[in-house]
Each structure stands twice: as C-alpha cells, then as structure tokens.
Amino acid sequence: MKLNVVKQRGTWWFVSGLLILASIAGMALSWAQFNGPVRPGLDFIGGTRLQLERSCTDVSACTDPIDIADIRAILDEQELEGSSLQLIGDSGQAVSIRTRTLTVDEQATLRSALEGYLGQVDPTASKIDVVGPTIGRQLLVAGLLSLLVAFAGITVYLSLRFKFDYALLALVALLHDVIITLGVFSILGLTAGYEADSLFIVALLTIVGFSVNDTVVIYDRIRENFKRMAERSVNDVVSDAVNQTLGRSINTTMTTVLPLVAIVIFGGDTLKFFALALIVGFLAGAYSSIFIASTLLAWWRSMSSSDAEMSPATE
Amino acid sequence: MGKQRSMLVVIVGLAIAAIFTIVQLPTQLGLDLRGGSQLTLQVLTNEQVTQISERELEAVQRVIENRVNGLGVSEAIVQSSGQDQLLIQLPGVSDPGQAQRVLGGTAQLEFRAQKPGTEGELRAISDVINQQEVQQASILAVGNENISDEQLAELEKVTADLQASRETLLDLFDGSELTGDKLRDALASPLGTSGQSWQVSIYFNNEGGSLFTEMTRNIAGTGRVLGIFLDDRLISAPTVDVQYAATGIPGGSATISGNFNADAARDLEIQLRGGALPVPVEVVENRTVGATLGRDSIQRSLYAGIAGLALVLVFMAVYYRLPGILADIALVVYALLTWAAYNILGVTMTLPGIAGFILSIGMAVDANVLIFERTREELRAGKTLYRSVESGFYRAFSSILDSNVTTIIACAALFWFGAGLVKGFALTLAVGVAVSLFTAFTCTRNLLFFIISFPQFRKVDYFAPSLTTDLPSTSQPS
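In the order they appear, the protein sequences are chains D and Z.
Going by my numbering, the first sequence opens with residue 1, and the numbers climb by one from there.
Going by my numbering, the second sequence opens with residue 1001, and the numbers climb by one from there.
Excised from the complex, chain D in its bound form (with noise of 0.2 angstroms):
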C-alpha cells in the first residue's frame, strides 16, 4: 500500500479544517455556558469537593444505595443548592459533593449532616479537596505557563535541528491537536459532565511532547530524503518520507494507546479521564503528523521554491 499524502492534502485539510472548526464552536458553547473553553474543575475555580463513602463492617448498613435526592435535601437545608452531587462506585454506596469554598466550621457541620443520613462512614475511604480561589487562578496560570513554555522551547530546538520552518510547522501541528483535544473535551463538558482539572493540563502537555515525537520522526525522514535524492520534487520526497516512516507511526501510536486503553476500561476513576484526553491527543497527533505537517512542508517548500524559481530546498 503506498500513500500519496501530498496528492489528496486536500482531503486531509478538509477533514482538519472540520475537525477545528467543530472544536471551536464546542470550546464558544463551553464559553458561554461555563466561562472556559472547557468546563473548569474545582481546581481551577475553587470550591469544596466532599467525597464519602458508608462503611461497609456492618453489611447489612449498606444494602441501599444512597438516594440523590436525600442528599440533596440535605444540601438544601445548609443553603448549599447550587452544588453538584454524583454518586461514586458500582454499589452507589459513595458520593461526591462539590460546593462552593466552606470554611472549617461549614464543613463540620455538613459532613455531620451527612452522617446523620449515611450512618457510620469510612474515613479511609473518603476525600476531601478544599481550593480556595487565588490557588485555583495560580494553577490555571501555572498550567499554561508551562504550555507557552514548552511551544516556545520545542520551536527553538527544532529551528537549530532543522529550519525555521520546520519548527513554525510543527507547531501548527501541535496546535492543530490541542486545539481538537480542547474541543473533544469541551463537548464532554457540555454534554457529560466532565470537568477539567490540573491533570487535564498534565494531559495537554503530553500531547504536545509527543506529538512532535511523531512530527519529528517524519520531519527526520524528509530531511535525509531531501539530502539523497536532490533531484526528485519536493511532493515525492515528502511522499515517500511518509511512506517509509507509516509503520512505524501507526505500531508506535497503537502501542502507546493500548495501555492508556485499558486504564480508561479498568482503571481508577482518577486517571480515566486522563487516559481518555491522551487517546484523543495521541490519536490527532498521528494523523497531524502523518497528514497535515508533512503535506503543509511539502506546499510551503513548494511555494517558496517556486517563488525563488530555485530548485527545492536541499537542507
């Protein structure tokens, strides 16, 4: 099977440009709705997340699941009706309740309310987050600090291994996949409740180093092509490039996927969603890579090889 990626480019911008697009108008909605491109979490607004579960020593405690509706009864008493309730674990035996920051007397009394209700509770198994708003702020900074710093810091390095242009389009790469991970993840706010915490920074960052794994390995491939066959035209060594270096993108994607797979079928709650804003980034990542940076080098050489009315470029 050969693959004329520079050929059908159009195909592949198209399909892009629609994927961007979409993500786009998810990240507005999510604006709208909840004053981010993507739902904000706890540790970025700040608030009080409670997490209990009953005791279980006693079985014949915990036959019932616990009713939302109770629980929000109670939540009602304390003045608390803003706040979002889930209940946790197979056996509905755990809840979550995230409310605006309560100070130490607030929660005491919330947390013996819910005792009241829950019956004996396992402290081993319960959770409390507690963000007050100037943290949250620091984190998000401290999150997107680390992304700015991390573009700028891959342009530079790969200006020096390759050219400025290069570096300028893996970095359109890149953004191409955060963009698409940031609007997945928008309409998973929108529509499942999903709430982006520190982690989903983490995830953004991962994204980026290893997509421009996959951009580099291409980039890579086209230089040295570039430099042995001088005389071929730039579409086919950027072609070829891609041809060459296809298995190696797809067992590498499949099998960096496959483990993150089985912590989104098996794993704790904690890093599902983690896993799962990987497997997407991961995912756009390959195609960008394979579809989008190597078909926009081969129409930008192009382009100012034929303004220069010059050969292609043989770096």
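Hints may be right or wrong, so weigh each one.
With a straight-line Cα cutoff of 25 angstroms, these simulated DSS-like cross-link-like pairs (lysine-lysine) come out [as the list claims (entries may be wrong)]:
| # | chain 1 | residue 1 | chain 2 | residue 2 |
| --- | --- | --- | --- | --- |
| 1 | Z | 1003 | Z | 1459 |
| 2 | D | 227 | Z | 1383 |
| 3 | D | 227 | D | 163 |
| 4 | Z | 1459 | Z | 1383 |
| 5 | D | 272 | D | 7 |
| 6 | Z | 1383 | D | 2 |
Hints were generated in silico from the structure; no laboratory data involved.
Starting from the structure of chain D, add chain Z where the hints point.
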C-alpha cells in the same frame, strides 16, 4: 563477539542491582496514593508586617512545624513554596478539619488587666458584642447562595461594628507583656465529669510566672477582671479573689475556662504549645485522601496499565519476531532500571507519576519500533542482515534523539512552572525518557548483535517474515 558479551554482563549486573535497589529502597508514595492531607497555607500581611520576606516565612514555618508536631503525625513535611506559601503534608490524617483549624489560627494569647474605673463600660460593650455576634451569625446562616443585597449590606455593617466594638473593648484593658511566648506548656482537660465543657491549663515560664503574679496582685479584690485575649478577642474574663491581694497568684500556672468544647480546647492546646504566628495565615488549599481510597485507585490503574503493557509486549514479539522478543527483554530491563532510578532519586510516586512512567514505557517501545522498522527497510533494500541491523540503529538514532529531546523540553517546562502533581508527572517522564535512550542503544543493540553472532539465529525470516526485497538477488543471510 567479546565486546557484546561483556556489555551483556554489565547489563545483567545493572538489572540485578536495580532489583536489589527496588527491594532495599522502597518507593516513596505520594499522599494521593497512601492517603493523607496536603495543605497550602498562604502567609498574609497585617498592619505591622506589610511585606512577607524570607524571615517572616521562616518564622511562620517554625511555628507551623511546632503545631504539626503537636498534631502527632509521623513523617509530616512542612516546606516553603514560592515567596509566601507553605506546603504541609500530613500522611494518614483522617480529620483534615482539625489540621485546617489548628494550622490556620494565629493564636496570639495575651493577658491584660482591666483599666480602673471601666466596669460599667465593660459590661455595656460586652452586651453589645454579644448582640452583634448573634446578629452576624443569623445572617451568615442564610448562606451565600440566596443572600439578598440588603442582607449582604447588613452583614458588612455588623461585621464592621463588631470589629469596632472589639477594639473599644480592647481599649478598656491595659497593654500587656504577658503573652503566649512566655508559656512553658499548655494542657487541655475536661471540666468536671460531664465531658461537655473543657478547660485549658497553661504553665508559664519563670518570666511569665512572675508577670502573672504581679498582674494578679494588682487587680485582686478590685472587681476588675483579668482579660484573656486570643487574637485580640476576649475569650475569658475572670476576677481575682481578694485573698491574693498581698501575694498575687503564685505557682506560674493558670486555667482558662472559656466556652470550650473538647475539640476547641485541644486545638488551643496545640496552638499555644506551638507558639503564635507573627502574621496571619489562610488555608488556601486542602487535599485529603483516605488511605484505602488511594490504594484502590493505585491498584486498579496499575493493573490496567500492566495488562496494557503485556499486550504491547505480545504485539512486539508477534510483529517484529526475534528482535521484538529481544526488545521485550530490553523493556523489562528498562522498567527495572527506571523504577530503581525513581527510588534512588527519591521521586515521590503520585498518580500522575504512574501515568508518566507508563508513558515513558511507550517512548521506550517507540525507540525500538523506529530501529526495527529501519532495519526492515534496509533488508528490503537488499543489505545483509548484519549491515541492516547496524544501519537500522545508526539511521534511527537522530529520530530517536530529536523526539526524546523534545519530550524532555516539554517535561522541563512542566517541572519549572507546574505545581505539585504536575511536577511528579514531569519528573517520572523525564527520567524514563533518559533511561530509555540508554536501554535502546545499549541493551537492545547488544542483545541483537549477540544473538546474530550465532548462525542459527541469522535468518532473515526471524527479522522480517515474507520479505520482498526491492532488489531481486539478495535475500540470503550473510
């Protein structure tokens, strides 16, 4: 092939050393995995201290350390973070509320004698304060969500009035030199047998003891009260009996029996023992995970990750044949070396850290995939097996280097700017990538050259099944 053989001996030695390290040096687990509280304290400024310098932060840290010790948590960590924050880790704490209460209070204790001739004023202002406190509490009970604008304005006014009243009250007392830093110890105990009401006994040091004696002598029998203030709020106002008018209360100890329940009394005990904070602090972040909850999530994710990796190993062996099997061995060595490196470097394993580890294994696989794909290409181009393997490694090197360096750049960005969990992830991934560079070019390489030094393994079929070469004449092995 002596060189390969000795390299292999080195690699086997490293692997054994890694196993030994893993057994001897246990992995440090983060609080999200073993359970515990992590609090972030923001150090605030007040009227006296308008800027937080290193000195203030250090002073605060010392007091907080004392209080943490008072909580009786083993392996607790208090460290500064940034210019004006403290990070506190309390493994195995089950009541995060207590930590938050105890660590957050300034706990400036002061004994002040009432000024002469202010008895009437004191009674009046105390009534006003009581009233205002009731009023404030009733508005607060409405809750943030459905509070009306009028109530909000009212709340602001009451709070301001209350502040003013408290200051007025404070003016009715003399200044004091007898403060919390002149204590030797503090002890909470129940008052009477019911257990409903508690008291806190305090023991002064020599200087504090004589100040206390002097102060009680001055006001004994006058009907004036001894005001005990905690953070400028009057918590107790006893009178001193006339019998002490000549001597003062000797013995250097006193008992505060304000309106304490058991928790409040114990909190005050710890705070008084730890000393007062020079500036106020605020708990801006608290993350508490129960011990079994952490263990459950680590186990499930770890099993899932291991199952996925097992599939990857199978895939490598099936798809890449002999080199795939060797790469699998190299990957196991890789995992051992990386794990040992984490333990030696003292990396704290958190949930994102595990994710970083699993991903770094993905990177390690990628290096092998790159090399084998390249080897196959060279075989397809009609080169001999030995030369194909050699140029496979040689040609894949620049790709592997570039792709790993870009990943390390991303990790560095995460590590410098990220916080807590993010840092753990960056560190595990970066260490993993560095080790994977090593194993791909030593372990896989030497294993591969070692194995093809045996003629029986030197079959192209073991490397690339049903290979069709681009050139017609060269399909036989070297």
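Okay, the hints, checked on the actual structure:
no. : hint              : in the structure
1   : 1003(Z) x 1459(Z) : holds, 22 angstroms
2   : 227(D) x 1383(Z)  : holds, 20 angstroms
3   : 227(D) x 163(D)   : holds, 14 angstroms
4   : 1459(Z) x 1383(Z) : holds, 13 angstroms
5   : 272(D) x 7(D)     : violated, 39 angstroms
6   : 1383(Z) x 2(D)    : holds, 22 angstroms
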